[in-house]
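S.K.: Here's the letter readout for the chains.
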Amino acid sequence: MDVQAIIDECMELWRDPYPHLARLRDEGQKPMAVFCSYTPEEIIHAAGFTPVRLMGSVRTITHADAHLQAYCCSLARTDLDMALAGELDYLEGAVFVQTCDTMMRLSDIWRRNTDFPFHGDLVLPIRMGEEVSLPFLEEEVRRFRHSVEEYTGESIWDDALEESIHIYNRNRRLADRLYKLRASSPGAIDGLSATAVVTAGFWMRREKHNEMLHELLEGLDTGKAAGNGKTPLFVSGSTCTTPDLMELLMELGAEVVDDDLCSGHRYFDNYVDEADTPEEALARRMWGRINCPAKHQCIEDRAEHMLRQVQDSGARGVVFFLQSFCEPHLFDVPYLRERLQDELDVPSLVLETELQSFSRGQLRTRLQAFIETISGV
Amino acid sequence: MGEDNARAADKERRRIKSADTMRDMMVKYYTEAKGAEGTGRHIAWITSGAPVEPLIAFDVIPVYPENHGAMCGASHMNVELCEVAEGRGFSRDLCSYARGDIGSAMTKGGPIGGLPRPTFLVACNNICNTVFKWYEELARFFDVPLFIYDTPFVRGDLPRHIADYALRQMEEYMGFLEEVTGRPYDEPHFVEVAAKSLFASALWKDVLACNEHKPAPMTCFDAFIMMAPIVTLRGTQEVVDFYQGLLDEMKQRIDEGIGILPSERYRLIWDNIPVWYEMRNLGRLFMELETCLVADTYTSAWTFEGVDVDKPLQSMSKIYTEVYLNINLERMADKIESLATRYGVDGMLMHSNRSCKPYSLGQYDLAREFAKRTGKPALIIEADHTDSRWYDRAQVENRIRDFVENLLGESVSV
Ligand code: SF4
Ligand code: SF4
Chain A
1 MDVQAIIDEC
11 MELWRDPYPH
21 LARLRDEGQK
31 PMAVFCSYTP
41 EEIIHAAGFT
51 PVRLMGSVRT
61 ITHADAHLQA
71 YCCSLARTDL
81 DMALAGELDY
91 LEGAVFVQTC
101 DTMMRLSDIW
111 RRNTDFPFHG
121 DLVLPIRMGE
131 EVSLPFLEEE
141 VRRFRHSVEE
151 YTGESIWDDA
161 LEESIHIYNR
171 NRRLADRLYK
181 LRASSPGAID
191 GLSATAVVTA
201 GFWMRREKHN
211 EMLHELLEGL
221 DTGKAAGNGK
231 TPLFVSGSTC
241 TTPDLMELLM
251 ELGAEVVDDD
261 LCSGHRYFDN
271 YVDEADTPEE
281 ALARRMWGRI
291 NCPAKHQCIE
301 DRAEHMLRQV
311 QDSGARGVVF
321 FLQSFCEPHL
331 FDVPYLRERL
341 QDELDVPSLV
351 LETELQSFSR
361 GQLRTRLQAF
371 IETISGV
Chain W
378 MGEDNARAAD
388 KERRRIKSAD
398 TMRDMMVKYY
408 TEAKGAEGTG
418 RHIAWITSGA
428 PVEPLIAFDV
438 IPVYPENHGA
448 MCGASHMNVE
458 LCEVAEGRGF
468 SRDLCSYARG
478 DIGSAMTKGG
488 PIGGLPRPTF
498 LVACNNICNT
508 VFKWYEELAR
518 FFDVPLFIYD
528 TPFVRGDLPR
538 HIADYALRQM
548 EEYMGFLEEV
558 TGRPYDEPHF
568 VEVAAKSLFA
578 SALWKDVLAC
588 NEHKPAPMTC
598 FDAFIMMAPI
608 VTLRGTQEVV
618 DFYQGLLDEM
628 KQRIDEGIGI
638 LPSERYRLIW
648 DNIPVWYEMR
658 NLGRLFMELE
668 TCLVADTYTS
678 AWTFEGVDVD
688 KPLQSMSKIY
698 TEVYLNINLE
708 RMADKIESLA
718 TRYGVDGMLM
728 HSNRSCKPYS
738 LGQYDLAREF
748 AKRTGKPALI
758 IEADHTDSRW
768 YDRAQVENRI
778 RDFVENLLGE
788 SVSV
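These protein sequence lines map, in sequence, to chains A and W.
Just so we're aligned, residue 1 is where the first sequence starts under the numbering used here, counting upward by one.
Just so we're aligned, residue 378 is where the second sequence starts under the numbering used here, counting upward by one.
Just so you know, the hints here were simulated from the structure itself, not pulled from any lab data.
Given the structure is predicted, the values throughout are model-derived calculations rather than measurements.
For each residue, glycine too, the CB sits at the ideal point set by N, CA and C.
Be aware that a few hints might be false.
[What the hints assert, rightly or not] With the C-beta cut set under 8 Å, the calculated list includes, among others, these residues of chain A facing chain W:
1) Tyr71
2) Cys100
3) Thr102
4) Phe118
5) Asp121
6) Val123
7) Glu140
[Said to hold, decoys possible] Quick look at which bits of chain A chain W covers, simulated, 3 or more residues with Cβ under 8 Å:
8) 105-114
9) 292-298
10) 315-328
11) 333-342
12) 360-373
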């Protein structure tokens, strides 16, 4: 496949991954839904399932209203709506990770009202990076592995798990290379395409995604002139569920140079140590990860990390792209904005959206004004 | 004229006298806490679900932003405080206790001129994950240490590794307190405090159980007010004495056949935090509808069970991890069902509280489960515990009226 074909395929997936997910079943795969980047996908992968990330959809809620109030995030609401509508019947099951209060309750609601064969729960500590929580976290990973094994009736061999860890680590390394490349030679690949390629990985087997990334990296013309005169921006938030935001930014003459999205940079940050025993190593990665506002970070302050990332990327503005009602993210906004402004002199813009009522027009006006201010037009 | 006098006398007869004692106790507590600011005594801001006994044992004054939030709500001052926090960039969709508290910290606003400055903070996420984000912000604002007591969510029985993690943190908590206060952990003293706390909570449980009697000697609106000491100061002798007095009063009312309402026709369970700014109006409405809110899921959160005095830290860590909001929907349904049976209710009223997700998400499923298990109906009303901007009084009152009127007929679907 040539570079453009890869990018096009990824864009298509990002626009609407669901028809493709339905086809996975026909191809003999067993898709298992995950919602959060704290999920130890390696375990699911090693057990023979294909972890796929549910990132909501642009739709009118019809079934979920009987279970979830309107004051919770649109990811939870639209994901549940699809499940209740029977549109996700090809799933083997879903794995819930305790991050925010919405996810904690969603797991129960989902379990009670759907009948997928498998339901998994992972209860994580909120105190990450502190000695006291590591043994608990390790045990939780072990428990999760057992629950998957119990379900399949077969044990997951350490060999298989190590192999999966290796595949996921390779994926992280390739994604990281792509992100570095887009920063160092923006002429080679634009922000929209780079994000699309990373995001699309959520809906395919990692082996395939690795091949794709590999081909892409080989095929990119890194010699192309850098500096396209676009305004460099950083995007912060949980997930960009559709390409809309990034497309808009491109149209408006901006270039996304880095992000801390849960479906982007935060997802592939840090590796699993292949020298440790698998559970310990998986636990350690989660525990040492930085930057998720749903966890209390003690190793390194979230702001420090973000400030460094923004500075390194050369971004001149930060766009916070947030789900309405998403508490962990919304709580951090005032503080992060202040520090960006005071310490780096980098202005920021906060956009809150809901998938069910996404308005491109409104976003456009606000983004345009923001980009004009920072580029001094 | 004579009729008026009789009505006044009847009202006085029904009034709960311990309320005066409680008011005095809370005024004294807040005066002391405010007076301690800047004196070298330690003041800790703490979440309502966090273990407070260690603070009492270490002679630290515990201060509860949530109790203060309720006060700000009841005195209709919280919206103003929320707006201050919103001006700083906090979304209107975040918990209004948190917004109001941040606003009050910034301006010293509210009915008592703000809370005294903390020397450290204690947050426990057994009630929600909002609290640790909120306390992170307070820790930055006041630049003081924060101890997080992390209680992972419990589905089914308490798993061993969660119990271990909770216990390790309880030990760590003691170490933290030794460090900030410069005093050593004194186990016998801690056990003494813990015993008082448990004793007070047992009394509180008995007080609430008095409402199993028909007519009920109080409503859960009274319980919301009377719970302040068990939340804020459990572990002191004063609180034990207060609840003993309250229990005696309740028993006496039962003996004398005094109900809180002049006429009690229906009995309901209340679910979720009160709508603090509407207590008066709702109280009036229920009186008119001859409906008594006899039990609730909120105040009973402070009745502890299953304690082993030989293992104080272990017992405490278990109690604090398995609180009502930190368990799965099935376990919550069990608790509600048990309330329904014990209190002999006709239905349940659920406050879908925009501020509080762990309390509110899942209510639709709980309502159905309740109807299924008890054959009684449930009604869900929309509000926010202290942000009145989300409240539509006419609509809520109409729905409650319809609901109660329908209790006459067969069970209503939810
Ligand atoms: S973290 Fe935010 S976006 Fe994600 S499920 Fe929770 S509330 Fe929704
Ligand atoms: S979200 Fe609920 S439990 Fe948490 S602080 Fe607010 S009211 Fe309390």
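S.K.: Let me make sure I understand: some of the numbered hints might not hold for this structure. Which ones are they, in numerical order?
M.R.: Going through the list in order, the structure violates hints 4 and 12 and respects the others.
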